[in-house]
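Which chain is which? The protein sequence lines are E, A, C and P, in order. In terms of the working numbering, the first sequence opens at residue 1 and continues consecutively. In terms of the working numbering, the second sequence opens at residue 1 and continues consecutively. In terms of the working numbering, the third sequence opens at residue 1 and continues consecutively. In terms of the working numbering, the fourth sequence opens at residue 1 and continues consecutively.
Treat the hints with caution; some may be incorrect.
[What the hints assert, rightly or not] Using C-beta positions, here's what the derived DEER-type ranges look like: (1) V175(C) x L164(A): 46 to 52 Å; (2) I152(C) x L57(E): 53 to 59 Å; (3) V190(P) x D50(A): 43 to 49 Å; (4) A64(P) x R168(E): 47 to 53 Å; (5) T49(A) x T123(E): 44 to 50 Å; (6) R88(E) x A201(A): 40 to 46 Å; (7) Y193(E) x I152(A): 35 to 41 Å; (8) T49(P) x Y205(E): 31 to 37 Å; (9) W60(C) x R168(E): 47 to 53 Å; (10) Y63(A) x T49(P): 32 to 38 Å; (11) I152(A) x A204(E): 48 to 54 Å; (12) A189(C) x E165(P): 40 to 46 Å.
Since the hints were made in silico from the structure, they are not lab data. All residues carry an ideal CB built from backbone N, CA and C; glycine is no exception.
Protein chains: 4
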Amino acid sequence: MESNAGATRSLSQLDELLGVGTNRLESFSDGVLAVAITLLVLDIHVPDTDRLGHELLHGWTHYAAYVVSFVTIGIIWVNHHAMIGRLREADRTILMLNLLLLLTIGLIPFATALFAAYLNRGTGDHLAAGVYGGVFLAMAISFVALNRHILIRKPNLLNVPLGLEARRLILRRSVTGVLPYLLATGLAAVSPYITLGITGALAAYYAAPVASGTGI
Amino acid sequence: MESNAGATRSLSQLDELLGVGTNRLESFSDGVLAVAITLLVLDIHVPDTDRLGHELLHGWTHYAAYVVSFVTIGIIWVNHHAMIGRLREADRTILMLNLLLLLTIGLIPFATALFAAYLNRGTGDHLAAGVYGGVFLAMAISFVALNRHILIRKPNLLNVPLGLEARRLILRRSVTGVLPYLLATGLAAVSPYITLGITGALAAYYAAPVASGTGI
Amino acid sequence: MESNAGATRSLSQLDELLGVGTNRLESFSDGVLAVAITLLVLDIHVPDTDRLGHELLHGWTHYAAYVVSFVTIGIIWVNHHAMIGRLREADRTILMLNLLLLLTIGLIPFATALFAAYLNRGTGDHLAAGVYGGVFLAMAISFVALNRHILIRKPNLLNVPLGLEARRLILRRSVTGVLPYLLATGLAAVSPYITLGITGALAAYYAAPVASGTGI
Amino acid sequence: MESNAGATRSLSQLDELLGVGTNRLESFSDGVLAVAITLLVLDIHVPDTDRLGHELLHGWTHYAAYVVSFVTIGIIWVNHHAMIGRLREADRTILMLNLLLLLTIGLIPFATALFAAYLNRGTGDHLAAGVYGGVFLAMAISFVALNRHILIRKPNLLNVPLGLEARRLILRRSVTGVLPYLLATGLAAVSPYITLGITGALAAYYAAPVASGTGI
Numbered sequence: 001m002e003s004n005a006g007a008t009r010s011l012s013q014l015d016e017l018l019g020v021g022t023n024r025l026e027s028f029s030d031g032v033l034a035v036a037i038t039l040l041v042l043d044i045h046v047p048d049t050d051r052l053g054h055e056l057l058h059g060w061t062h063y064a065a066y067v068v069s070f071v072t073i074g075i076i077w078v079n080h081h082a083m084i085g086r087l088r089e090a091d092r093t094i095l096m097l098n099l100l101l102l103l104t105i106g107l108i109p110f111a112t113a114l115f116a117a118y119l120n121r122g123t124g125d126h127l128a129a130g131v132y133g134g135v136f137l138a139m140a141i142s143f144v145a146l147n148r149h150i151l152i153r154k155p156n157l158l159n160v161p162l163g164l165e166a167r168r169l170i171l172r173r174s175v176t177g178v179l180p181y182l183l184a185t186g187l188a189a190v191s192p193y194i195t196l197g198i199t200g201a202l203a204a205y206y207a208a209p210v211a212s213g214t215g216i
Numbered sequence: 001m002e003s004n005a006g007a008t009r010s011l012s013q014l015d016e017l018l019g020v021g022t023n024r025l026e027s028f029s030d031g032v033l034a035v036a037i038t039l040l041v042l043d044i045h046v047p048d049t050d051r052l053g054h055e056l057l058h059g060w061t062h063y064a065a066y067v068v069s070f071v072t073i074g075i076i077w078v079n080h081h082a083m084i085g086r087l088r089e090a091d092r093t094i095l096m097l098n099l100l101l102l103l104t105i106g107l108i109p110f111a112t113a114l115f116a117a118y119l120n121r122g123t124g125d126h127l128a129a130g131v132y133g134g135v136f137l138a139m140a141i142s143f144v145a146l147n148r149h150i151l152i153r154k155p156n157l158l159n160v161p162l163g164l165e166a167r168r169l170i171l172r173r174s175v176t177g178v179l180p181y182l183l184a185t186g187l188a189a190v191s192p193y194i195t196l197g198i199t200g201a202l203a204a205y206y207a208a209p210v211a212s213g214t215g216i
Numbered sequence: 001m002e003s004n005a006g007a008t009r010s011l012s013q014l015d016e017l018l019g020v021g022t023n024r025l026e027s028f029s030d031g032v033l034a035v036a037i038t039l040l041v042l043d044i045h046v047p048d049t050d051r052l053g054h055e056l057l058h059g060w061t062h063y064a065a066y067v068v069s070f071v072t073i074g075i076i077w078v079n080h081h082a083m084i085g086r087l088r089e090a091d092r093t094i095l096m097l098n099l100l101l102l103l104t105i106g107l108i109p110f111a112t113a114l115f116a117a118y119l120n121r122g123t124g125d126h127l128a129a130g131v132y133g134g135v136f137l138a139m140a141i142s143f144v145a146l147n148r149h150i151l152i153r154k155p156n157l158l159n160v161p162l163g164l165e166a167r168r169l170i171l172r173r174s175v176t177g178v179l180p181y182l183l184a185t186g187l188a189a190v191s192p193y194i195t196l197g198i199t200g201a202l203a204a205y206y207a208a209p210v211a212s213g214t215g216i
Numbered sequence: 001m002e003s004n005a006g007a008t009r010s011l012s013q014l015d016e017l018l019g020v021g022t023n024r025l026e027s028f029s030d031g032v033l034a035v036a037i038t039l040l041v042l043d044i045h046v047p048d049t050d051r052l053g054h055e056l057l058h059g060w061t062h063y064a065a066y067v068v069s070f071v072t073i074g075i076i077w078v079n080h081h082a083m084i085g086r087l088r089e090a091d092r093t094i095l096m097l098n099l100l101l102l103l104t105i106g107l108i109p110f111a112t113a114l115f116a117a118y119l120n121r122g123t124g125d126h127l128a129a130g131v132y133g134g135v136f137l138a139m140a141i142s143f144v145a146l147n148r149h150i151l152i153r154k155p156n157l158l159n160v161p162l163g164l165e166a167r168r169l170i171l172r173r174s175v176t177g178v179l180p181y182l183l184a185t186g187l188a189a190v191s192p193y194i195t196l197g198i199t200g201a202l203a204a205y206y207a208a209p210v211a212s213g214t215g216i
């Protein structure tokens with residue numbers, strides 16, 4: 001590709017001017033999170049039955065998975081908000097790591113439906129629970145990767161200058177959030193109800209006032 | 001977890017600086033409301049029949065439920081707008097109570113589909129109507145809980161200082177909005193058409209100009 | 001309900017301060033329009049067949065209806081943008097007429113799927129075309145009702161003062177846009193292809209550069 | 001239509017004042033992109049089987065297509081962001097070409113589901129791959145058409161004045177992005193796996209840090 005020095009210079013200057021603000025990054029991420037969280041309900045099917053009460057009770061796994069996944073996505077949103085709120089502008093790596101995070105979040109409606117469908121079924125329940133925990137685990141790891149890039153590699157993009165200690169502390173909190181999902185995924189081999197218990201307890205913990213100020 | 005005083009101090013200062021603005025809270029909530037209101041249409045299925053006219057007429061319960069749920073979500077949006085518009089910034093409890101409110105709103109497409117499918121069916125119609133009213137009831141209660149937290153416990157987060165009397169009056173209006181849904185849920189035991197009538201009348205009442213200035 | 005004069009006065013002042021800005025009205029409407037326009041694709045099903053080419057060709061009614069409905073919703077968006085862009089703030093009637101408009105737009109994915117499914121079927125094709133035209137007609141009428149309220153009854157809410165003549169001219173354009181949909185609906189009784197032709201021609205006309213500056 | 005000179009003058013002045021800003025163009029486009037990217041997951045179905053492990057492995061085509069389409073839409077978003085970010089305001093042609101671009105993006109969930117369903121099936125796989133490549137091709141061409149209109153025909157609408165050379169260079173990058181999709185579509189006749197390979201390699205290339213600063 002032929003290169004024109006003048007044109008190239010103008011382009012670099014333009015790239016600088018375009019230094020991606022975080023507004024549209026937030027609005028696109030909010031859109032994906034809002035759609036994903038609302039699609040969760042599509043997994044709760046209207047039964048075609050003459051014993052509606054029985055069928056609705058039987059569907060408890062779907063309501064439980066709905067609540068756990070809804071609250072978890074909601075908490076991701078709160079923490080995503082805090083993470084991006086620290087940014088003055090984004091570089092391309094941030095956009096791409098954020099896209100990876102959104103990709104894992106996009107899988108949550110599927111993983112939730114799979115988990116709910118197999119939780120009280122004789123076969124496939126361990127595997128389905130492993131997939132459920134695994135998608136949350138991938139989400140938590142992507143979150144850490146993005147947070148790490150921002151805090152450790154690109155502190156110059158932060159809104160407010162933060163000392164290395166403070167940045168490491170924030171990151172450590174993110175990393176700590178990975179561990180329970182690792183447990184939830186691994187212990188699916190023992191019982192899918194352990195996976196439900198851990199992910200549910202996490203959702204309840206972060207939603208409760210006691211966790212105020214604690215990132216994932 | 002070891003604690004570094006300097007880092008912790010910086011973090012508290014940061015938390016203050018990050019005091020969550022209401023812009024992204026509004027945009028995320030708007031997203032969930034917009035998706036939920038538009039997903040309602042997925043419940044109106046295209047019939048595969050040679051008697052289309054007959055089938056479309058037979059599906060009137062779906063159109064009625066569509067209109068009632070659409071207008072109800074629309075009114076929640078208007079009132080949510082007013083409630084959050086009074087806020088200068090949000091604390092974590094507000095984010096979490098808002099998430100609870102969104103969780104109940106996310107269930108409306110399911111409850112609507114269930115209600116429409118069972119309304120003119122011999123069995124399960126009372127239960128389906130109870131679920132429909134119950135989801136609206138849970139939504140109204142979550143709304144009151146959020147409004148109460150803002151008006152009574154955190155008046156310092158308001159945009160404009162409001163006297164205790166004024167705040168109590170706004171809250172009382174919210175609480176009043178719970179009662180009809182309590183009736184709609186309870187009277188489903190008598191007839192599902194009462195549930196349809198009450199929820200429909202409420203939607204019409206709030207949408208009509210006469211209710212101007214009245215919150216849920 | 002007991003009334004406290006002081007509280008009531010504060011509330012009226014508050015209501016004034018809260019005079020609904022158009023930002024969140026636009027963002028909620030954009031959300032509904034964006035979801036509705038993207039849900040259209042859910043009507044194009046993946047066939048399960050060993051003669052894929054034949055089946056894909058056979059599905060042309062779905063692609064045609066997809067394009068017509070997509071462009072029509074896109075044009076509604078452009079005109080909605082212009083209509084709300086003239087507003088400084090919204091009153092409750094504007095919110096409710098806007099909600100009615102969104103309600104008709106929310107039905108477009110269903111009407112599109114119905115029309116596409118019955119267009120080249122022996123029975124029900126006239127009725128399905130009538131429903132398709134009728135939903136567009138209802139949408140156009142809601143648009144006029146909202147525009148009329150803004151331009152004729154509440155010119156004081158406009159951004160920029162506009163003379164009565166100018167306001168009447170804008171409104172007349174909106175009203176003119178209703179006529180083709182009236183035709184498309186009525187002539188469905190003659191042939192569903194006339195409905196497709198009129199709605200398709202309208203979409204092409206408004207999308208073409210020649211229509212620049214023309215509202216629906 | 002009778003014309004009143006005074007009214008018409010006011011209208012032209014109004015049109016100027018309304019010169020469409022890019023905020024709502026971005027928010028509507030972000031909405032469509034966010035919904036389309038999140039709808040991709042609806043194609044990954046929960047199997048009803050007693051051999052879940054086997055079925056999940058068998059569904060690898062759906063995960064592969066999910067990842068490729070998700071990343072591709074994400075990259076469109078990044079490039080769309082850059083393209084619209086250069087604009088100060090939009091004319092009607094920009095709105096319509098943007099709508100055409102969104103129309104092709106809206107088809108991606110369908111094309112993805114079709115491709116995944118037929119990729120490892122004996123018949124229809126070449127055609128399905130051709131449709132998949134073809135939808136991406138149509139998307140890339142629409143992107144170039146919009147970029148060309150902005151850069152070559154309406155440089156006066158740009159935020160920052162750019163020399164002709166710089167504008168041509170940006171456009172040339174867009175055009176270059178069309179070629180791989182042309183290949184991916186044409187070579188579907190040879191093997192659908194070539195289509196998967198090319199589209200997957202493109203997604204990986206643009207997502208990788210090495211492509212920083214490179215538009216589609």
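Hints versus structure:
1. In this structure the hint that V175(C) and L164(A) lie 46 to 52 Å apart at CB holds, the actual value being about 50 Å.
2. Taken as a hint, the range 53 to 59 Å holds for the pair I152(C) and L57(E), whose Cβ atoms sit roughly 55 Å apart.
3. At roughly 44 Å, the beta-carbon separation of V190(P) and D50(A) lies within the given 43 to 49 Å, and the hint holds.
4. For A64(P) paired with R168(E), a C-beta distance near 37 Å fails the hint of 47 to 53 Å.
5. Checking the proposed 44 to 50 Å range against T49(A) and T123(E) shows it is violated: the Cβ atoms sit about 38 Å from each other.
6. For R88(E) paired with A201(A), a C-beta distance near 51 Å fails the hint of 40 to 46 Å.
7. Separation of Y193(E) from I152(A) is about 39 Å and conforms to the stated range, judged on CB atoms against 35 to 41 Å.
8. At roughly 35 Å, the beta carbons of T49(P) and Y205(E) sit within the given window of 31 to 37 Å.
9. A beta carbon spacing of about 60 Å between W60(C) and R168(E) contradicts the range 47 to 53 Å that was offered as a hint.
10. At about 37 Å, the CB distance of Y63(A) to T49(P) agrees with the hint of 32 to 38 Å.
11. Look at I152(A) against A204(E): about 24 Å separates their beta carbons, and that is not inside 48 to 54 Å.
12. For A189(C) and E165(P), the Cβ-Cβ distance of about 60 Å falls outside the hinted range of 40 to 46 Å, so the restraint is violated.
This entry does not satisfy hints 4, 5, 6, 9, 11, 12, going by the numbered hints stated previously.
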